[in-house]
Amino acid sequence: AASMKTALDAVAADFQTATGHTVTISYAGSNALAKQIIEGAPADIFISAAVNWMDEVEKAGLVADGSRTDLLGNTLVLIAHGKGAAPVAIAPGFDLAGLLGDNKLAMALVDSVPAGQYGKAALESLGVWPAVEPLVAQSDNVRAALALVSTGEAPLGIVYASDAAADDNVTVVGTFPADSHPAIVYPAALLTGAADAADRAFFEALSSDAADARFAAEGFAILN
Amino acid sequence: MTLSVQLAHRFPGFTLDVEFAAPEGVTVLFGHSGSGKTTVANAVAGLLRPDRGRIVLGGDVLLDTEQGTDLPVHRRRIGYVFQDARLFPHLTVRQNLTYGRWFAPSGAPGAEMGRITDLLGIGPLLTRRPAGLSGGERQRVALGRAILSNPRLLLMDEPLAALDDARKAEILPYLERLRDEVRLPILYVSHSMAEVARLATTVVLMEAGRVTATGPAAEILADPAMAPALGLREAGAIVTATVAAHEEDGLTRLESAAGTLFLPRVAAPPGTALRLRILAQDVMLATARPEAISALNILAATVEDIRIGDGPGALVRLRAGGEPLLARVTRRSAHALDLRPGRAVFAVLKAVSVAQESVGGR
Amino acid sequence: MTLSVQLAHRFPGFTLDVEFAAPEGVTVLFGHSGSGKTTVANAVAGLLRPDRGRIVLGGDVLLDTEQGTDLPVHRRRIGYVFQDARLFPHLTVRQNLTYGRWFAPSGAPGAEMGRITDLLGIGPLLTRRPAGLSGGERQRVALGRAILSNPRLLLMDEPLAALDDARKAEILPYLERLRDEVRLPILYVSHSMAEVARLATTVVLMEAGRVTATGPAAEILADPAMAPALGLREAGAIVTATVAAHEEDGLTRLESAAGTLFLPRVAAPPGTALRLRILAQDVMLATARPEAISALNILAATVEDIRIGDGPGALVRLRAGGEPLLARVTRRSAHALDLRPGRAVFAVLKAVSVAQESVGGR
Amino acid sequence: MTDWLSPDEWRAVALSLRVSAWAVAASLPFGLLVAYALARWNFWGKQVLNGLVHLPLILPPVVTGYLLLLTFGRRGWLGQALEEWFGIVLAFRWTGAALAAAVMAFPLMVRAMRLAIEAVDPRLEQAAGTLGASRLWVFVTVTLPLILPGIIAGVILAFAKAMGEFGATITFVSNIPGQTQTLPSAIYSFLQVPGGETQAARLAGVAIAIAMAALLVSEWVSRAVARRIAGS
Amino acid sequence: MTDWLSPDEWRAVALSLRVSAWAVAASLPFGLLVAYALARWNFWGKQVLNGLVHLPLILPPVVTGYLLLLTFGRRGWLGQALEEWFGIVLAFRWTGAALAAAVMAFPLMVRAMRLAIEAVDPRLEQAAGTLGASRLWVFVTVTLPLILPGIIAGVILAFAKAMGEFGATITFVSNIPGQTQTLPSAIYSFLQVPGGETQAARLAGVAIAIAMAALLVSEWVSRAVARRIAGS
Ligand SMILES: Nc1ncnc2c1ncn2[C@@H]1O[C@H](COP(=O)(O)OP(=O)(O)OP(=O)(O)O)[C@@H](O)[C@H]1O
Ligand SMILES: Nc1ncnc2c1ncn2[C@@H]1O[C@H](COP(=O)(O)OP(=O)(O)OP(=O)(O)O)[C@@H](O)[C@H]1O
Ligand SMILES: [Mg+2]
Ligand SMILES: [Mg+2]
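So the protein lines, in turn, are chains A, U, L, D and S.
So that you can map any letter, position 211 of the first sequence is 211 in the working numbering, and since no number is skipped, the others follow by simple counting.
So that you can map any letter, position 262 of the second sequence is 262 in the working numbering, and since no number is skipped, the others follow by simple counting.
So that you can map any letter, position 151 of the third sequence is 151 in the working numbering, and since no number is skipped, the others follow by simple counting.
So that you can map any letter, position 134 of the fourth sequence is 134 in the working numbering, and since no number is skipped, the others follow by simple counting.
So that you can map any letter, position 230 of the fifth sequence is 230 in the working numbering, and since no number is skipped, the others follow by simple counting.
In isolation and in its complexed conformation, chain A is listed as follows (with noise of 0.2 Å):
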């Protein structure tokens, strides 16, 4: 998934002074990605950042026997433009359809992308979904989501933490109960064309301790 990649270049780095071995990584959407895999891109190792991706991926027979695993989670949040905004109560029943007006609440797909899908379900068990329905402005990903709040285009948003953390424009006003949706969880697999060592080292090497500070440090959180 494209947003891990000032965290995975990192790790990858590290990895290769560690190691001497490069690591060539194609960052792109994991639809993408995946359905790349399944026609037979040369990769060695998938991280998704969405479990159904994963799953079309180990349905193709692609996955190395059990070397599926969890990497990481995120939490996903409410975000309002400008600095220092006011803290939103998340709660069943919160009126976020009244703290929008006429304005749009920015959000990825959320039919078809992770955070969108993610979003929409917390906002659903939260019983506020009808209400905010019609006020969702969808981007095709998570970043032009958090773009039309940090541009003041729309007022809030709903992102990553680990996409929030980092802009200046926005400010984070509410935390998703990690109840209120599924798992957030980007799994990662050796596939069954890797072969050699160096893939499984690499692969191993992303949940040492090092990575594991590396993602850290990006807002993920670590679930192995």
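Be aware that a few hints might be false.
[To be verified] Label pairs and their in silico Cβ distance ranges: (1) S:P122 to U:T15: 34 to 40 Å; (2) S:L49 to D:L33: 31 to 37 Å; (3) S:L49 to L:D64: 30 to 36 Å; (4) D:G45 to S:E84: 50 to 56 Å; (5) L:G59 to U:T15: 52 to 58 Å; (6) D:W220 to L:P72: 28 to 34 Å; (7) S:L216 to D:L33: 54 to 60 Å.
[Unchecked claim] Restricting the straight-line Cα-Cα distance to at most 16 Å, the calculated cross-link-like pairs of lysine to aspartate or glutamate (EDC-like) are: (8) A:K5 to S:E9; (9) A:K5 to S:E84; (10) U:K168 to U:D118; (11) A:K59 to A:E39; (12) S:K46 to D:E219; (13) D:K46 to S:E219; (14) A:K5 to S:E197.
[Stated by the list, open to error] Just so you have them, the derived chain S footprint on chain D, three or more residues with Cβ under 8 Å: (15) 10-24; (16) 48-55; (17) 108-122; (18) 139-149; (19) 185-194; (20) 199-208.
For the record, the hints were derived by calculation from the structure and aren't laboratory data.
Where a beta carbon is used, it is the ideal one built from N, C-alpha and C, also for glycine.
Since the structure of chain A is provided, determine the placement of chains U, L, D and S with the ligands on it from the hints.
Here is chains U, L, D and S with the ligands on its own, set in the frame of chain A:
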């Protein structure tokens, strides 16, 4: 309405530097291919901005490079018949013809559509588009389009070159009428001496970008010194005559200072003054009045001058009752007849030699 | 090499249906604007596929719609001088001229570049591009391009219409030489009777898409019945004569069955047989031998026929020592001289009247 | 008929048509002006204009969308101005989608028209001038009819591009069903979920059908114009 | 010089140039052929070809990329055939990126060339025919030089499009640094991470500079050609 033109322009390899005035009537620009005629026409129309120049039409300054005046093309109101017809391919012939109408100031007299299409024989083409027209048809439509745009000056760049003689003979009288009735000044580029003689009020002779001679047509054409430039066959004099009577056998009797002349029926009522162009090569000389000969016109004249060139010919300038005449004879005949200035001779001229084309209204 | 043409084609509003044979030499297509001349030329070149037709050039079938033969344009090897010059705008004049060379079969004789550019006066233009050329310059380059492509047949659609008389007079002898020396058959579209008379071996007269007369030039031009179609001024007879001597005063003496003729220097060595075109209107008739007159050529002849038209004129067919002659006189003179078949007369003809243009090699 | 596309999908189709039509129609005069200026005039900054016109082609659509957001968004300087002075809001509206489509299609439209204008024989325009037509009239009565095939080509290219535009649109105006969800956005959504390919293909089929119909009409008009000029 | 772009970024620049240049060069003959066929020939299925050519414009790039993946991927029927018979592998190579760029740019290239071909005066081609040039030679010696401005326009449009192509490329050949990571992919990657905007802007600047340079050169060549034809 006089047009005065003064231009200087350089193309790589060609320099134009001309100055002439075109008084009312038809001014013919005559010169070899590549002598700069179209360039002058383009400058007058405003399609070429010369390096330096001043063009004035009837008091309006169209161009003055020194003062920075340059009237845009569409405000000059100059009807231009281009050497290449330049019809609008997306419009029908009728739309091409009426194109200028949209922009002409209303109330101006203007030629009638019907009359022009009849004259030019393009009536059956009105609904066609230019792409399928023949070369001559195109040129006729272009001619009609320019005339119908109601211009203040007509510029014609070899408008009749693509036409057959019969069609030319039909159109020339019309151009004469434009010249005389509508009093439309016309700047006319031509290679054809017959057209020059027929139409020209003024002749501007060009050579390699310069004007080598300019003046009233009668003078230029009758000047033996001009014969080489005009082409020897085309040398001739212009005689002014008045229609006296139309006789029943189809001949017209004309009276001139040179004497009585009989010509095939001239389409002008008695009393009309005409200009007749009598080519030097159509005139025979005799020292005694010829008898029993088919030539009807025998004029008594006096030799004024003989100009003997390189070739076998001699150009003899005569005066018959005050009118100038030119005759082209062989050196051998000049010698045999003992022609010299002051000699009394008879100029023999066939009635049919003065063709309709050389009879112009005045 | 004979070209035989048989074509039928319909445009909306115009139907072409012609059949003629063009033997060696120059075949002139003559007809009013819009009579279908260019259409015929296009079909011969292969640019127009007629509804029905058969075109054969020296045994090769170029087109036969019945058998489904249709030789593609580039395999016909027909040099075409278009009515609109159609120069390639992206090539220089030199490249335009040599364009056909690339494709011409090597080893064919072919005209020389230098000679052609000199003749056409386009030497100084070689490095230019067509866009800046004058109308006449364009046409000359187009002419050169077609000739230099080394064709089996030259098609010329009014190639000289945009040229001045002087330039025409230079090019015509060259075309004659092409016709006679290279034995290149030429199909020549023209409005100009002077060109027809000068060049034509065969004349094809067209009117509204049909051939109204066809035959050897001498016959068609001397046929009084053709006079209306050709234009009255252009009626004339063709006399065959042999160059006898070039005399020192610049005249050339020629002998013909009709008698001795003196003409201004003819550029042909003694012994050469020539065709002289003597226009009806240049011939005067006298019943007694005129004396003391500048005309050098006085031929004894007998009246064969008089044709009196609607106008004031009469066309008199004569025979002088077996050669036909035509004279155009007024009805009045015909009456006064009591002209009738069988009458002995003298045909009077000025030496200068037979212009260079009307003297063609044979 | 109605049941093989969901109401939302129908709305996406209708919206795509509206957005594309407006994008093309509104940018046509500007496109023509810019094409004419680039083809015929010499002015200071001509190459800058030329570059600007091509920019949306060079940049990834996301970047163009982002720049549009910064310029025409509610907080963007032009967006604010437009809203204050004319009451025009582009952000999150179909008008914004039309703007994005127009901007992305602009280089294609301008190039086609410019090529056509450059091919017009200036001698015909001169002839019109001598007949009294001012520059504007010459353009309307001679240049315009002669470049019609080029205009049609430009319009159809722009329309096709507008129908397919996705990246800049979703970045600028997001994806709000019924308001800014165009066909490509809908197709994209389907491609993001496993097994959505068939549905995406169905929508792509609709897009193709519409564009093909437009293409056929344009070809037919172009040919009619050309045939007229070539002489019945 | 070298230090304000990272080695990966330099590689992306070089790759983008290579991909675009190849995409344009390799599709040029096909583009010319298709443009000529569409402009001049009448054949069965002409409108189908015309539609196919426009397809990449109409479809969202992701769809085009996906179709390419299905066709030219390792498992795709054409991809397998190419690999077996010619040893050509497109999937996840820069050659695939070039293919994607070429396909996306194809409609622009074809349209420009087609417009130019339609504007050529057939009477000049006829004249060349009478001088002995076969159809092919007429094309090479007359048509081709006369449509040069159109070819240049097509090439520059295609090049610009190829430089900016992203959606189809990343879907088809992914985003592998040094192999398939073009400038737009690199820009996209930066836009996906917090704080990557400045770096993205820097890369966009590089893309713009390259495209502008190409544009200026093309304008200059075009004008030289036009000036030559208009007479010294
Ligand atoms: N744009 C140009 N660049 C260079 N030379 C030019 C240009 N336009 C005209 N000329 C040259 O200027 C000369 C005069 O051209 P112009 O067209 O005025 O001749 P013209 O007298 O009309 O000849 P024609 O009777 O053959 O039409 C020619 O030699 C021509 O080649
Ligand atoms: N494509 C076409 N569609 C309709 N009519 C046509 C087409 N081409 C030619 N014509 C008509 O056929 C007739 C003959 O044309 P053509 O060009 O052969 O004449 P032409 O004898 O060469 O005349 P000109 O001496 O004026 O050049 C004209 O009346 C013309 O309008
Ligand atoms: Mg000229
Ligand atoms: Mg013709």
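Against the structure, the hints:
Between P122 of chain S and T15 of chain U the beta carbon distance is about 37 Å. The supplied range of 34 to 40 Å therefore holds. A hinted range of 31 to 37 Å holds for the C-beta pair L49 of chain S and L33 of chain D, which are about 33 Å apart. About 35 Å separates the C-beta atoms of L49 of chain S and D64 of chain L, a value consistent with the hinted range of 30 to 36 Å. A C-beta distance of roughly 54 Å is found between G45 of chain D and E84 of chain S, which places it inside the suggested range of 50 to 56 Å.
The given range of 52 to 58 Å is respected by G59 of chain L and T15 of chain U, whose C-beta atoms sit roughly 54 Å from each other. With their beta carbons about 30 Å apart, W220 of chain D and P72 of chain L fall inside the hinted range of 28 to 34 Å. Checked against the hint of 54 to 60 Å, the pair L216 of chain S and L33 of chain D fails, with Cβ atoms roughly 22 Å apart. For the proposed pair K5 of chain A and E9 of chain S, the alpha carbon gap of about 15 Å is at most 16 Å, so the pair holds.
Of the pairs offered as hints, the one joining K5 of chain A and E84 of chain S is violated, with about 36 Å between alpha carbons and a cut-off of 16 Å exceeded. Proximity of K168 of chain U to D118 of chain U is assessed by CA-CA distance (about 14 Å); at most 16 Å being required, the pair is judged to hold. Proximity of K59 of chain A to E39 of chain A is assessed by CA-CA distance (about 13 Å); at most 16 Å being required, the pair is judged to hold. As the CA atoms of K46 of chain S and E219 of chain D are separated by approximately 11 Å, the hinted pair is consistent with the 16 Å bound.
Of the pairs offered as hints, the one joining K46 of chain D and E219 of chain S holds, with about 11 Å between alpha carbons and a cut-off of 16 Å not exceeded. For the hint linking K5 of chain A to E197 of chain S, the alpha-carbon distance of about 13 Å falls within 16 Å, and the restraint holds. Beta-carbon proximity to chain S at under 8 Å applies to 0 residues in the region 10-24 of chain D; the threshold of 3 is not reached and the given coverage is violated. For the region 48-55 of chain D, the stated coverage by chain S is satisfied: 4 residues place a CB nearer than 8 Å to a CB of that chain, which reaches the threshold of 3.
For the region 108-122 of chain D, the stated coverage by chain S holds: 8 residues have a C-beta nearer than 8 Å to a C-beta of that chain, and at least 3 were required. Evaluation of the coverage hint for the region 139-149 of chain D: breached, as 1 residues show C-beta separations to chain S shorter than 8 Å, against a requirement of three. Under a criterion of three residues with beta carbons nearer than 8 Å to beta carbons of chain S, the stated coverage of the region 185-194 of chain D is upheld, 3 such residues being counted. Counting residues of the region 199-208 of chain D whose beta carbon lies closer than 8 Å to any beta carbon of chain S gives 4, which meets the minimum of three for the stated coverage.
Checked against the numbered hints above, the structure violates hints 7, 9, 15, 18; every other hint is satisfied.
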